[in-house]
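Generate the whole structure from the sequences, applying the supplied hints.
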Amino acid sequence: MAIELGTTGVDGLRGVAAVLGGWQADGAPLQLHPGDLGWFWRFGARATVEAVRTWSRDGRILAVGLLDGRRLLRLATAPEARRDEELARRLAADAGDPARGVLPGGGVSVEAPAGSLIRELLSADGWRAGEPWTALHRDLTDPVPPPGARIEVVGPEQAHVRSAVQRAAFDGSTFTDERWHTMAAGPLYDAARCLVAHDDRGLAVAAVTVWSAGPGRPGLIEPMGVHGDHRGHGYGRAITVAAAAALRSLGSSSAIVATPSSHSGAVATYRSAGFTPRPELADLCRDA
Numbered sequence: 001m002a003i004e005l006g007t008t009g010v011d012g013l014r015g016v017a018a019v020l021g022g023w024q025a026d027g028a029p030l031q032l033h034p035g036d037l038g039w040f041w042r043f044g045a046r047a048t049v050e051a052v053r054t055w056s057r058d059g060r061i062l063a064v065g066l067l068d069g070r071r072l073l074r075l076a077t078a079p080e081a082r083r084d085e086e087l088a089r090r091l092a093a094d095a096g097d098p099a100r101g102v103l104p105g106g107g108v109s110v111e112a113p114a115g116s117l118i119r120e121l122l123s124a125d126g127w128r129a130g131e132p133w134t135a136l137h138r139d140l141t142d143p144v145p146p147p148g149a150r151i152e153v154v155g156p157e158q159a160h161v162r163s164a165v166q167r168a169a170f171d172g173s174t175f176t177d178e179r180w181h182t183m184a185a186g187p188l189y190d191a192a193r194c195l196v197a198h199d200d201r202g203l204a205v206a207a208v209t210v211w212s213a214g215p216g217r218p219g220l221i222e223p224m225g226v227h228g229d230h231r232g233h234g235y236g237r238a239i240t241v242a243a244a245a246a247l248r249s250l251g252s253s254s255a256i257v258a259t260p261s262s263h264s265g266a267v268a269t270y271r272s273a274g275f276t277p278r279p280e281l282a283d284l285c286r287d288a
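Under my numbering, the first residue of the sequence shown carries the number 1, and numbering increases by one thereafter.
A couple of the hints might just be wrong.
DEER-style ranges, computed between Cβ atoms [said to hold, decoys possible]: (1) 148 <-> 126: 44 to 52 Å; (2) 106 <-> 167: 25 to 33 Å; (3) 155 <-> 45: 18 to 26 Å; (4) 85 <-> 130: 18 to 26 Å; (5) 177 <-> 45: 14 to 22 Å.
Worth flagging that the hints you see were computed from the coordinates, not collected in a lab. If you're wondering where the values come from, they're calculated on a predicted model, not measured in any experiment. Ideal Cβ positions, reconstructed from N, Cα and C, are used throughout, including at glycine.
Printed below as a string of structure tokens:
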């Protein structure tokens, strides 16, 4: 039976996230994680539904895509379908032809797991490598040491603190109190935690959100940031260590994160928190 491109409703997103969670495994290539859908939910249910695509055969989902910003398609595939030729050709065709309604014309990018056949097909069709990213991993078998800073778990009453640190950590961030509440009310936040680190004066200096994919599977850090006025004092390491501990408490087997390789300070922070870098991977880009 042919590969079918589909969408889902709000009620179906929890099922799509469960499928994505089942594809996460220690040692597997980094790919779209259910936490990516959970973080995107800050834009609301309708926006998330409109951004998610599925590719299925015989009613079974083989690939999931998230249109992150309309011009970036982030993909995950079932492990056994990573080299499936029929799937890869359908994915490449849907990504490459604006008439199919997945990606628009003009400059676009596709993020796909290492070793997937779609990467080879797009490269053969003239897509070029974009900015390199570094994926990092930390095993959570053993207990995580204390973070070295006061850590607060964010609830509705602290949403304004969490959103303020996010905006202070990332230039151009549009994260607001309302968006935190929207994200936290979504169906995927049950498996998530937001944390804020405070300095010795009680000021909020760093924040993180972590997402479980279920017990025994890698959990995701997305995002982590340090307030621009408080960098260089170890707060990035502290909040990252706290993030690892939070994921371990949720049953995660490991913690994973990805950052542009050009952000050498971020890579160094994750390494200082016990994360090990994996080989770089770049999105595939089409200029026109």
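Hint-by-hint comparison with the structure:
A hinted range of 44 to 52 Å for the beta carbons of residue 148 and residue 126 is consistent with their spacing of about 49 Å. Between residue 106 and residue 167 the CB atoms are about 29 Å apart, so this pair conforms to the stated range of 25 to 33 Å. A C-beta distance of roughly 21 Å is found between residue 155 and residue 45, which places it inside the suggested range of 18 to 26 Å. Distance hint check for residue 85 and residue 130: the Cβ-Cβ separation is about 24 Å, which falls inside the suggested range of 18 to 26 Å.
Taken as a hint, the range 14 to 22 Å holds for the pair residue 177 and residue 45, whose Cβ atoms sit roughly 18 Å apart.
In summary, the structure agrees with every hint in the numbered list given earlier.
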